[in-house]
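4 protein chains.
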Amino acid sequence: MFFASDNSGPVHPKIMQRMMEANSGYAMPYGKDEIMEEVREGIRKTFEAPNAAVYLVATGTAANSLALACYTQPWQTIFCAQYSHIEEDECNAPEFYAGGAKLTLIPTDNKMTPEGLAAAIARRPADNVHMAQAGPVSITQVTEFGSVHSLQELRALTAIAKDAGLPVHLDGARFANAAVALDCTAAEMTWKSGVDVVSFGGTKNGCMGVEAVVFFDEAEAWEFELRRKRGAHLFSKHRYLSAQMAGYLQDDLWREMARSANAACARLAAGLRANGAEMIHEPQANMIFARFPRSVHQQLHASGAKYYVLDGDVALVDGDEMLAARLVCDWSMTDALIDQFLSHF
Amino acid sequence: MFFASDNSGPVHPKIMQRMMEANSGYAMPYGKDEIMEEVREGIRKTFEAPNAAVYLVATGTAANSLALACYTQPWQTIFCAQYSHIEEDECNAPEFYAGGAKLTLIPTDNKMTPEGLAAAIARRPADNVHMAQAGPVSITQVTEFGSVHSLQELRALTAIAKDAGLPVHLDGARFANAAVALDCTAAEMTWKSGVDVVSFGGTKNGCMGVEAVVFFDEAEAWEFELRRKRGAHLFSKHRYLSAQMAGYLQDDLWREMARSANAACARLAAGLRANGAEMIHEPQANMIFARFPRSVHQQLHASGAKYYVLDGDVALVDGDEMLAARLVCDWSMTDALIDQFLSHF
Amino acid sequence: MFFASDNSGPVHPKIMQRMMEANSGYAMPYGKDEIMEEVREGIRKTFEAPNAAVYLVATGTAANSLALACYTQPWQTIFCAQYSHIEEDECNAPEFYAGGAKLTLIPTDNKMTPEGLAAAIARRPADNVHMAQAGPVSITQVTEFGSVHSLQELRALTAIAKDAGLPVHLDGARFANAAVALDCTAAEMTWKSGVDVVSFGGTKNGCMGVEAVVFFDEAEAWEFELRRKRGAHLFSKHRYLSAQMAGYLQDDLWREMARSANAACARLAAGLRANGAEMIHEPQANMIFARFPRSVHQQLHASGAKYYVLDGDVALVDGDEMLAARLVCDWSMTDALIDQFLSHF
Amino acid sequence: MFFASDNSGPVHPKIMQRMMEANSGYAMPYGKDEIMEEVREGIRKTFEAPNAAVYLVATGTAANSLALACYTQPWQTIFCAQYSHIEEDECNAPEFYAGGAKLTLIPTDNKMTPEGLAAAIARRPADNVHMAQAGPVSITQVTEFGSVHSLQELRALTAIAKDAGLPVHLDGARFANAAVALDCTAAEMTWKSGVDVVSFGGTKNGCMGVEAVVFFDEAEAWEFELRRKRGAHLFSKHRYLSAQMAGYLQDDLWREMARSANAACARLAAGLRANGAEMIHEPQANMIFARFPRSVHQQLHASGAKYYVLDGDVALVDGDEMLAARLVCDWSMTDALIDQFLSHF
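Residue numbers (the working numbering), protein chains in the order written: chain A, 3 to 347; chain B, 3 to 347; chain C, 3 to 347; chain D, 3 to 347.
Treat the hints as calculated values from the structure; they're not laboratory data.
Some clues are possibly wrong.
Since copy identity is lost for identical chains, a pair holds within one copy or between any two.
Below are the DMTMM-like pairs computed for lysine to aspartate or glutamate, each with C-alpha atoms no more than 25 Å apart in a straight line [claimed, not checked]: (1) Lys164 to Glu225; (2) Lys308 to Asp165; (3) Lys164 to Glu258; (4) Lys308 to Glu227; (5) Lys34 to Glu90; (6) Lys47 to Glu280; (7) Lys308 to Glu23; (8) Lys34 to Asp91; (9) Lys194 to Asp165; (10) Lys308 to Glu39; (11) Lys34 to Asp341; (12) Lys308 to Glu50; (13) Lys34 to Asp165; (14) Lys34 to Glu117; (15) Lys47 to Asp185; (16) Lys164 to Asp313; (17) Lys34 to Glu155; (18) Lys194 to Glu36; (19) Lys194 to Glu222.
From just these sequences and the hints, can you work out the full model?
In structure tokens, the structure reads:
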């Protein structure tokens with residue numbers, strides 16, 4: 003009963019199979035392998051972006067940090083939601099890659115708000131040499147709390163960025179889960195909504211360790227290549243990154259896995275509600291934030307369930323303390339495991 | 003006929019098998035997986051270093067840069083051989099990770115010399131605030147030109163570093179090839195010879211993409227963990243790095259593969275010599291630098307052979323230009339391919 | 003009528019005189035000048051800290067950034083008040099000098115609160131490799147809004163830092179104004195209250211451009227010297243920095259000038275209140291934040307008065323808009339100028 | 003008898019006078035002072051460059067590092083002579099400001115050679131992602147060994163840079179001494195010879211601490227301003243930097259002082275030669291590198307003479323060891339001091 007994260011499940015057999023098939027003879031290193039050509043075409047087709055620059059790295063933090071660095075000067079600040087992954091969970095990697103740039107946190111308990119973004123940008127006039135200058139806007143889709151920006155919401159944010167002349171990055175560690183939730187295309191969720199560069203996540207959704215960074219403007223391509231190498235993220239045996247991503251794209255496996263994960267999450271959420279759990283955020287993709295009694299937590303813990311209990315978020319309901327849990331489903335989650343989990347309520 | 007690099011061959015089937023076996027159910031992420039415990043013990047046993055701090059990353063440049071950064075202040079300089087990988091082939095990654103430190107190149111056409119190292123250190127007195135301060139010494143074993151420092155040579159270098167109070171890093175991208183060439187233990191080639199931290203390479207020797215960074219002094223451990231995360235090199239699905247390294251260590255597969263590579267290289271070198279090629283450096287591991295006539299290069303090229311021709315290194319012998327080639331053998335190189343290559347002479 | 007900042011007034015004649023006196027013959031460069039010895043002893047006596055390490059730089063941002071960098075690792079975050087100078091007015095200099103570290107803003111409209119600081123530190127457990135680690139606490143005295151932490155308030159903050167094992171930096175760009183306001187010694191406001199390093203400002207208080215960085219623990223001394231040189235802040239003709247600071251310390255000129263500035267501010271504040279202006283913060287040193295009618299602003303502007311009008315802070319009182327002004331007095335402010343300013347009400 | 007450096011002499015009285023005159027009333031801070039307008043026009047006229055972007059900083063290392071940073075990407079390398087100031091005497095400041103870029107040393111015992119520069123650039127093809135990329139060329143005029151590039155020599159170097167598309171920086175810490183030595187204009191020695199940005203030194207030539215950074219292409223202006231602020235090199239009481247530079251430019255005082263320094267140097271060199279000293283480099287500006295007997299060094303030392311003896315440069319002539327000395331004259335050096343120095347031979 004592992005609900006701690008979608009970064010802990012197995013690799014999908016079809017992706018494993020592609021890696022096995024790639025393991026024969028010699029291949030050109032450093033991204034010159036033939037499979038990468040397939041990947042490049044696959045991404046361009048998937049995103050309806052025939053001129054996109056496409057690169058692979060092995061971690062989500064690398065994808066975010068390198069993509070942002072291409073759009074950030076060291077004297078700028080990156081606008082992001084208060085609890086975004088780049089602020090909370092990357093140990094200053096974005097600052098490191100952007101040469102000491104700052105992150106400006108838009109106050110929110112979940113999604114970045116247009117008002118918050120506009121106010122933060124307005125505080126940084128372009129001619130004030132004393133202040134960190136306005137830099138790119140980074141939006142997380144799915145948010146860290148399992149919510150999905152609608153296309154309208156996305157566009158409201160990117161419009162503010164565009165008005166201020168600022169580029170937009172999309173942290174798509176759970177891109178697939180969001181696209182499935184919105185039932186929209188990859189293009190609609192990115193360049194058609196004003197996104198300039200996306201971290202298109204694979205690792206959390208059934209790959210071994212691969213993320214695509216997709217620039218819709220080719221101008222950043224060579225800089226990205228140099229930054230990737232300088233960051234030590236250019237793989238010599240790159241074909242195994244390519245093979246993962248090729249398998250991920252083939253027959254829209256990325257969507258299929260996300261559908262499984264989201265469906266599992268919906269089943270779990272329904273069961274939790276039926277048992278009186280309180281949703282802190284409405285689960286829209288593959289993550290649940292819910293409160294339920296300490297006694298249930300104890301039983302789950304005793305039976306080996308793994309998930310995060312959120313510090314400090316405790317409420318009393320009818321004499322039993324309610325503790326908040328984060329529960330995440332990946333593509334491999336089964337109905338049996340969910341039902342086993344729910345049986346402890 | 004791929005002799006361009008040992009970073010382009012396939013993964014050994016036993017390592018692939020370990021990765022497949024690891025692909026079941028959930029595993030703790032970020033290096034907390036159980037296989038990593040096996041790896042840690044395996045490395046400690048292999049290096050006879052029961053307290054070593056052991057970490058995995060996916061690229062050699064990451065291993066070198068992160069290891070060196072733990073021993074380098076931004077106002078220091080790293081001493082290395084003139085044509086070392088950290089100077090020539092890492093696109094300022096060492097400088098990036100070390101916060102803007104410098105590299106001081108010890109003049110040499112191959113191995114770092116004790117005289118060169120001593121002179122370079124002597125130019126940097128400890129109390130001169132104007133100059134970059136003396137920092138760690140980084141030695142490459144096997145060198146970039148296929149030579150192997152004897153244990154005596156290693157110790158002569160580390161003794162100079164120790165006298166100056168400087169830590170020693172060993173770039174062991176081809177550690178296995180050197181250990182086999184010297185017929186020595188991993189301990190003898192590292193801490194028993196004065197090395198403080200080693201990049202123990204797997205990628206060039208039959209792994210998919212894994213390098214161990216081994217600190218013989220645990221004091222650097224937590225800093226390394228933070229640097230690795232901040233550099234975006236901490237893998238969530240870490241078990242697949244662990245599985246590679248576990249397979250690499252098991253039954254000394256790392257030595258077995260290096261023996262194959264070195265033997266292939268020796269066969270190729272013997273054949274080249276028999277055909278009149280001139281060795282630029284004595285091949286001691288799995289790399290050959292040799293000159294042979296342009297006409298042979300042309301035939302090899304026409305028949306699809308892949309290897310680097312060295313710019314500018316041209317000599318005339320008996321009316322035919324002699325061009326220098328770099329030829330590298332990995333574990334998977336076959337006698338048949340070597341003989342096919344030699345047939346063009 | 004220049005009330006825009008205390009960084010725009012003239013240098014005190016006694017300090018100018020010391021610089022003139024220093025301008026004779028040759029002097030050892032880079033801080034080895036004899037006047038620096040006088041400064042070192044003067045600072046140590048003033049701060050009752052016979053072992054303090056004392057350094058001079060020419061700008062407040064250099065003092066803050068270099069002092070903080072000595073106590074900050076690149077993977078850490080510096081805790082500071084929301085609107086502190088290091089966050090708002092230094093264009094990422096602290097991040098630059100600290101190698102890409104983060105600033106964590108303690109929410110407040112003026113002084114850092116102990117509750118806010120404790121909560122921010124509590125969010126960063128020492129064993130979470132994913133998060134920026136807790137780094138130093140930087141307190142601004144006088145605050146950016148003209149308030150002065152009492153010694154009790156200071157100690158409440160430093161106690162929280164000490165409990166968490168974190169070092170404390172005091173941004174004392176207006177140190178003198180605070181010391182005079184509290185009628186306390188330099189020692190009481192620093193190491194006796196738990197401060198580890200202070201930026202002891204001279205520039206805003208009658209010097210030309212000099213700030214002392216005073217470490218109460220000598221261990222950071224050599225690192226500071228290297229960081230200062232590497233930051234290009236080590237002056238060759240250092241005697242002219244020394245001469246300023248020597249003049250500043252002599253006969254407590256620094257206190258005398260701060261008393262003048264604070265008294266001028268008090269006179270101005272009394273006059274403003276008498277004319278119906280509303281104080282946004284209680285002026286405790288040499289800065290006033292006050293609201294008064296737009297019509298008065300217009301008259302002042304027409305007559306050449308210089309000061310900042312704060313964007314966005316507008317209230318309506320009795321039909322006339324009230325706009326917020328920041329008014330700052332330096333040591334050279336005269337009663338006549340203040341009365342001239344007030345005459346427009 | 004102070005011949006250790008031209009950074010240790012007094013400030014010229016005319017410059018001191020300008021600073022005194024500036025010390026009245028309030029002035030706009032941060033480079034918005036009126037004297038800076040005079041400086042800007044003065045520099046533009048002096049350099050015959052009506053559109054030049056002109057900035058002041060207080061140290062030569064700041065001028066060099068900030069100027070270079072505007073033309074260097076972190077994955078590039080700066081080409082400079084082997085013993086240049088930016089390599090030897092700035093404690094990694096150029097690397098720091100350029101975000102971890104590298105310095106590539108052109109082998110030479112004095113001036114950068116066109117052959118050396120061309121060879122170094124040729125080793126860095128534009129499409130090799132593994133290598134540090136070619137960045138700006140930095141030329142030092144006067145060299146660290148007291149030599150002056152002729153205009154032809156300068157142009158030979160800049161032509162190679164231009165052919166490779168690389169910008170050119172001139173480290174003009176002793177710009178005035180070179181211009182006087184060549185009897186050429188400031189324009190001839192900079193943009194008319196292919197220089198894109200110059201550090202126009204004042205500190206070593208009679209100022210207190212001021213250097214102008216002059217960009218002949220305005221495009222870098224705003225980036226420089228942000229880099230200067232972020233580096234903590236933007237002075238609030240900027241008028242005192244402006245006043246120095248205004249005095250320096252007025253009536254070509256900069257040339258007058260350099261003529262004095264060069265003439266003093268010539269007198270000293272003639273005297274040394276007459277006494278049998280051996281010139282290591284031909285002194286062309288205000289620095290001498292000469293060998294003379296240890297016994298003379300001892301007498302000079304005993305009588306209080308200050309200058310650098312060069313480590314390791316020792317030769318035996320007629321039974322007495324010859325030790326190398328560096329002797330520098332600034333504008334204030336008198337014939338009496340020179341004769342006193344020579345009297346010890």
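Taking the hints in turn, this is what the structure says about them:
1. Lys164 to Glu225: both (22 Å within a copy, 22 Å between copies)
2. Lys308 to Asp165: neither (45 Å within a copy, 32 Å between copies)
3. Lys164 to Glu258: neither (33 Å within a copy, 52 Å between copies)
4. Lys308 to Glu227: between (39 Å within a copy, 24 Å between copies)
5. Lys34 to Glu90: Result: close only across copies, 20 Å inter versus 35 Å intra.
6. Lys47 to Glu280: Result: close neither inside a copy nor across copies, 41 Å intra and 51 Å inter.
7. Lys308 to Glu23: This pair counts as between: shortest inter-copy Cα distance 22 Å, intra-copy 34 Å.
8. Lys34 to Asp91: Answer is between; shortest inter-copy Cα gap is 17 Å, intra-copy 32 Å.
9. Lys194 to Asp165: Cα proximity of Lys194 and Asp165: one copy only (16 Å, versus 42 Å across).
10. Lys308 to Glu39: For Lys308 and Glu39, only the inter-copy Cα distance (20 Å) is at most 25 Å; the intra-copy one is 40 Å.
11. Lys34 to Asp341: neither (46 Å within a copy, 27 Å between copies)
12. Lys308 to Glu50: neither (39 Å within a copy, 36 Å between copies)
13. Lys34 to Asp165: Answer is neither: 38 Å inside a copy and 30 Å across each miss the 25 Å cutoff.
14. Lys34 to Glu117: The answer is neither: 44 Å in one copy and 34 Å across copies each exceed 25 Å.
15. Lys47 to Asp185: within (17 Å within a copy, 53 Å between copies)
16. Lys164 to Asp313: For Lys164 and Asp313, only the inter-copy Cα distance (23 Å) is at most 25 Å; the intra-copy one is 37 Å.
17. Lys34 to Glu155: neither (38 Å within a copy, 38 Å between copies)
18. Lys194 to Glu36: neither (29 Å within a copy, 44 Å between copies)
19. Lys194 to Glu222: within (19 Å within a copy, 34 Å between copies)
The structure is inconsistent with the numbered hints 2, 3, 6, 11, 12, 13, 14, 17 and 18, although it conforms to all the rest.
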